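Peer 1: Quick note, the sequences are listed as chains A and B, same order.
Per full-length UniProt numbering, residue 1 is the first one in the first sequence, and the count goes up by one each step.
Per full-length UniProt numbering, residue 1 is the first one in the second sequence, and the count goes up by one each step.
Calculated from the structure, these hints are not laboratory results.
Bear in mind the structure is a predicted one, so any value in this text is a computation, not a measurement.
Worth double-checking, as some hints may not be accurate.
Computed beta-carbon distance windows for the label pairs [claimed, not checked]:
| no. | chain 1 | residue 1 | chain 2 | residue 2 | range |
| --- | --- | --- | --- | --- | --- |
| 1 | A | His74 | B | Ile115 | 27 to 33 Å |
| 2 | A | Asp182 | B | Gln243 | 45 to 51 Å |
| 3 | B | Arg68 | A | Gly35 | 42 to 48 Å |
| 4 | B | Tyr228 | A | Phe20 | 54 to 60 Å |
| 5 | B | Pro169 | A | Asp182 | 49 to 55 Å |
| 6 | B | Met201 | A | Lys179 | 35 to 41 Å |
| 7 | A | Asp72 | B | Phe209 | 35 to 41 Å |
Using N, Cα and C, we set each Cβ at its ideal position, and we do this for glycine too.
Each chain, letter by letter, is given below.
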Amino acid sequence: MAPLLKTEKLTHIYSVDTPFEHVAIENIDFEAERGEYLGIIGQTGSGKSTFIQHLNGLLKPTSGTVFYDGRDIHESKELTRGVRFKVGLVFQYPEYQLFEETVYKDIAFGPKNMRLDEKEIDGRVREAAGFVGLGDEVLQKSPFELSGGQKRRAAIAGVIAMRPEVLILDEPTAGLDPKGRDEIILNIRQYQRSTNSTVIMVTHSMEDIARTVDRLLVFNKGAILMHGTPAQVFSKSGELTAVGLTVPKVTLVANRLRALGLPVPGDIYTIEQLKSVLTALRGGREHA
Amino acid sequence: MLKDITLGQFFPGDSVVHRLDPRTKLILTLVYIVALFSAKSYYSYALMLFALVASVLLSRINFKTILRSVKPLIIVILFTFILNMLFTSGAHPIAHFWIFNISYEGIRVAVTMIIRLVMLIIGTFLLTYTTSPIALTDGLEHLMNPLKKIRVPVHELSMMMSIALRFIPTLIEETDKIISAQKARGADFESGNLIRRAKAMLPILVPLFISAFRRADELAVAMESRCYHGGEGRTRMKQLKLQRRDVTALILGALVLAGVMVLMSFGL
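So that you can see chain B by itself, here it is in the shape it has in the complex:
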């Protein structure tokens, strides 16, 4: 069912991770990604894994939920694994067939690649799981503020993003409803060849587009009738303020990054 899609979903909660400033979390995620891609040795991966597990535990989000977020990407992960295994040349071949060499190095690279990928997915999902879309775009807008100087329409971009994020669940729900309604009239989305299946999407897409336009129209009217006129002079109800926990979190993040860098410099 469409409802089971957890992509970019927010799980409300009251953990330390939930309460962190969105800017902190955005920066930490960035730091995490940089560190993850700098990590070369098992020691640095262990350090990263420790940081990740600690964050997940602190967020009090179910491990099952976290693992489920990896599920839709399992094909990508498998594909990465196989490609890396087959196309990495190495000095210690294990098996050989046709044009492929499977070597000890190949397997090593493949395993590291998928560890990296899975940790990357989980880490970024943790951000969206613990940060509401509104907070996330607020944080982004703040972080991008300096770009206003070079005339980047930061406010408009973040407004567009928050509207888009806001309407993802609504549209998913709507799609679900339309699918059910057409199924109730015997629509069949599962059988037939590709063209038939594509054609079968029409009874879903037409109503969905119409309702998306209707919603956009209604939203525009609702915004205008409340005198929305862009970002100029607009103040916020909830001011973002860095707390002590944010400083602590940032320092910890910096320490992990430093740790990975130090390990790297020792060639580990």
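The following block holds chain A by itself, in its conformation from the complex:
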């Protein structure tokens, strides 16, 4: 089966022919399958945000092509507009884009732009609000009365309500407290499972990404430095640290234990994994 989303030699240069000319991404080849959960990590300025804005046609590549379902998304204007609804993009700090009088109306903005009928819109708004854990009583409030975490959820719901086949989130947990962070990550995970959509999550937080994604891309200086399963990527902690990234804290613990001489494998990235390894080392007994 052909990949749902694909890029070929994608290059983007900002401010061509000015002193500010700057190559943001260069020759990126990328594929995402239906139902896949992808993570993108990379330092600030590594080109992640530029890259994801190409996937729904917001930015036009300087050279190279983006394919959705096998077709070049810039083939025609109608197609580009259609892809906007198929590939939902949640920007960083999406709560700054809320503008309607009520949360309900704001979530309905996307479906309304799709020219759906009232009943369909209503169904989608409630469904999307449900996915992000916003109750009915919140829907009639003004978005500006909500707490930071609730605003974030409302904004994410605004994109989910379009029922995109690919959901892209740029730092969905930035600036949230640990509880709010875990909840949003869980919501997104559940959403992905129940709709079998493709999710691409850009993040700085290794903990967020380690336990959820199927595949991980590491961006560095506008190119993909590494890609693979979290186990494969996090086993190269040396290379990651060299480009200014970290590995999950539990990986650091495992590495340290290995350095101390314990037979701990190099691809541990969740607490559960380390726990089972350590339990096995102690002879299989949970409590000694």
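Please build the complex by placing chain B on the supplied structure of chain A, with the hints as guidance.
Peer 2: This is chain B only, laid out in the frame that chain A set:
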């Protein structure tokens, strides 16, 4: 894209023009404008053009960038050209239709007008291209200092101006982001009639206003927590000092102005 707007943008550099004192550059720009509007003959225009090209070359700013700054104003320029051509009466008509006369004089006036306009735009843009907004307001504040005697709040005005200038790029960036975010939700800014399009601006304007107020609030708190209390007794980290190159530049500017005046007095 909004990012391509170069209006009032500063291109950092290390050329002689960049290093000139902002006051010098402000005065020279003023002199340049006066000279440009006094110029009557092709000789004086040639002199002005020479001064302009020399300054652009010295600033080491790309000619392409300079020309791009004229682009957004092309409609104004065309409009000026057509109006001047159609409504200048002259003794040597070339063509005549309905109520319009196109004469040799008309074309001459129209051409001079657009040369003047383009040179005016490029000259003033050169100032903002080579002077950082901070330096520019510093220079303005210094030049307006005498006005303090008649109780003009010079410091407050220049502070307001530097804040405004400082936030133009930030707000442009912010607008860009909001537009992208709403586009990602299928907002359509390009189709429909005028009312529809105006309505389509709402999802941009509301978040933009909210964020502008939030920023203003944050900035006020940040300034107060660093004990900002207006201009009284405030000293500067970077003192403006006239250098030799400033004196040279001012003399050259004066010479160009004098040149134009002399040509004028000869009726050229």
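Peer 1: Run every hint past the structure and note whether it holds.
Peer 2: Status of the hints after comparison with the structure:
{"no.": "1", "hint": "His74/A - Ile115/B: 27 to 33 Å", "result": "41 Å, violated"}
{"no.": "2", "hint": "Asp182/A - Gln243/B: 45 to 51 Å", "result": "60 Å, violated"}
{"no.": "3", "hint": "Arg68/B - Gly35/A: 42 to 48 Å", "result": "46 Å, holds"}
{"no.": "4", "hint": "Tyr228/B - Phe20/A: 54 to 60 Å", "result": "31 Å, violated"}
{"no.": "5", "hint": "Pro169/B - Asp182/A: 49 to 55 Å", "result": "36 Å, violated"}
{"no.": "6", "hint": "Met201/B - Lys179/A: 35 to 41 Å", "result": "37 Å, holds"}
{"no.": "7", "hint": "Asp72/A - Phe209/B: 35 to 41 Å", "result": "38 Å, holds"}
In terms of the numbered hints stated before, the structure departs from hints 1, 2, 4, 5, listed from lowest to highest.
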